[in-house]
Amino acid sequence: MKKYVHKVNYYETDKMGVTHHSNYVRFMEEARVDYLEQIGWGYDKMEANGIVSPVVSISCDYKKTTTFADVIEVEVAVQKCTAVKLCLEYTMTCNGDVVFTATSSHCFVDSNGRPLILERSFPDFYKACKDLEKK
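Position one of the sequence shown corresponds to residue 565 (our numbering), numbered consecutively onward.
Hint data in this document are derived by calculation from the structure and do not stem from the laboratory.
Each hint should be verified, as a subset may be incorrect.
Stated by the list, open to error - Lysine-lysine pairs mimicking DSBU-like chemistry, simulated, CA-CA at most 35 Å apart: (1) LYS628 - LYS579; (2) LYS628 - LYS698; (3) LYS694 - LYS566; (4) LYS649 - LYS579; (5) LYS579 - LYS566; (6) LYS699 - LYS579; (7) LYS628 - LYS644; (8) LYS644 - LYS699.
Unchecked claim - What follows is a set of in silico ranges between Cβ atoms, one per label pair, in the way DEER data are often shown: (9) GLU683 - MET580: 43 to 51 Å; (10) LYS609 - ILE681: 14 to 22 Å; (11) GLN643 - ILE681: 15 to 23 Å; (12) LYS628 - LYS579: 13 to 21 Å; (13) VAL648 - LYS627: 25 to 33 Å; (14) ASP661 - PRO687: 35 to 43 Å; (15) LEU696 - LYS579: 35 to 43 Å.
Idealized CB from N, CA, C, for every residue including glycine.
When you get a sec, could you build the whole thing from the sequences and use the hints?
This is the structure we're talking about:
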């Protein structure tokens, strides 16, 4: 998979000149959207098929600061995929240094908010995620 690249914008920094901590969650979402697009299941395709994927949990660790104009590379990987849940992990680096690590968990519901069993309802999407799961 190709890494997602984000260049830190000035407005994403705080008074101290470092990237505000809340923006890393946004970078995770940008990278997740790109990752799903790369595996052929972008948000537009999921939503066209009636799949909604809310975030259930996020856990993160800030390792080093970044500043305006830094280029952050985000690597996304499938940590675990079950019939009802997708867990992703993120590693963000800048100039070769790890600056942030995180995981996010997502469930799947239909457009009415009813839970979907991905393996049964969308086996192709399930297989795409399962095949990328870390062993």
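- Outcome of range test on Cβ distance (GLN643, ILE681; 15 to 23 Å): holds (20 Å)
- Task: Measure nothing beyond the straight line between the CA atoms of LYS628 and LYS644; if it is 35 Å or shorter, mark the hint as holding.
- Result: holds (26 Å)
- Task: Evaluate the given range 13 to 21 Å for the C-beta pair formed by LYS628 and LYS579.
- Result: Holds, since LYS628 and LYS579 (Cβ atoms, about 19 Å apart) stay within the stated range.
- Range agreement (Cβ of PRO687 with Cβ of ASP661, hint 35 to 43 Å): holds (40 Å)
- Task: Mind checking the alpha carbons of LYS628 and LYS579 for me, to see if they're no more than 35 Å apart?
- Result: holds (17 Å)
- Task: Below or equal to 35 Å on CA atoms is what counts here, so check LYS628 against LYS698.
- Result: holds (26 Å)
- Query: If you check the beta carbons of LEU696 and LYS579, does the distance land in 35 to 43 Å?
  - Reply: Cβ of LEU696 to Cβ of LYS579: about 40 Å, so the range 35 to 43 Å holds.
- Query: Given a hinted range of 43 to 51 Å, is it respected by the beta-carbon distance of GLU683 and MET580?
  - Reply: holds (47 Å)
- Task: For the pair supplied as a hint, LYS644 and LYS699, confirm whether the alpha-carbon distance does not exceed 35 Å.
- Result: holds (9 Å)
- Query: So does VAL648 sit 25 to 33 Å from LYS627, Cβ to Cβ?
  - Reply: For LYS627 against VAL648, whose Cβ atoms are near 31 Å apart, the range 25 to 33 Å holds.
- Between LYS609 and ILE681, does the beta-carbon spacing fit 14 to 22 Å? About 19 Å separates the Cβ atoms of LYS609 and ILE681, which means 14 to 22 Å holds.
- Message: Checking one constraint from the list: CA of LYS694 to CA of LYS566, max 35 Å. Satisfied?
- Response: Status holds; Cα separation ~18 Å.
Hint violations for this structure: numbers 4 and 6, all remaining hints satisfied.
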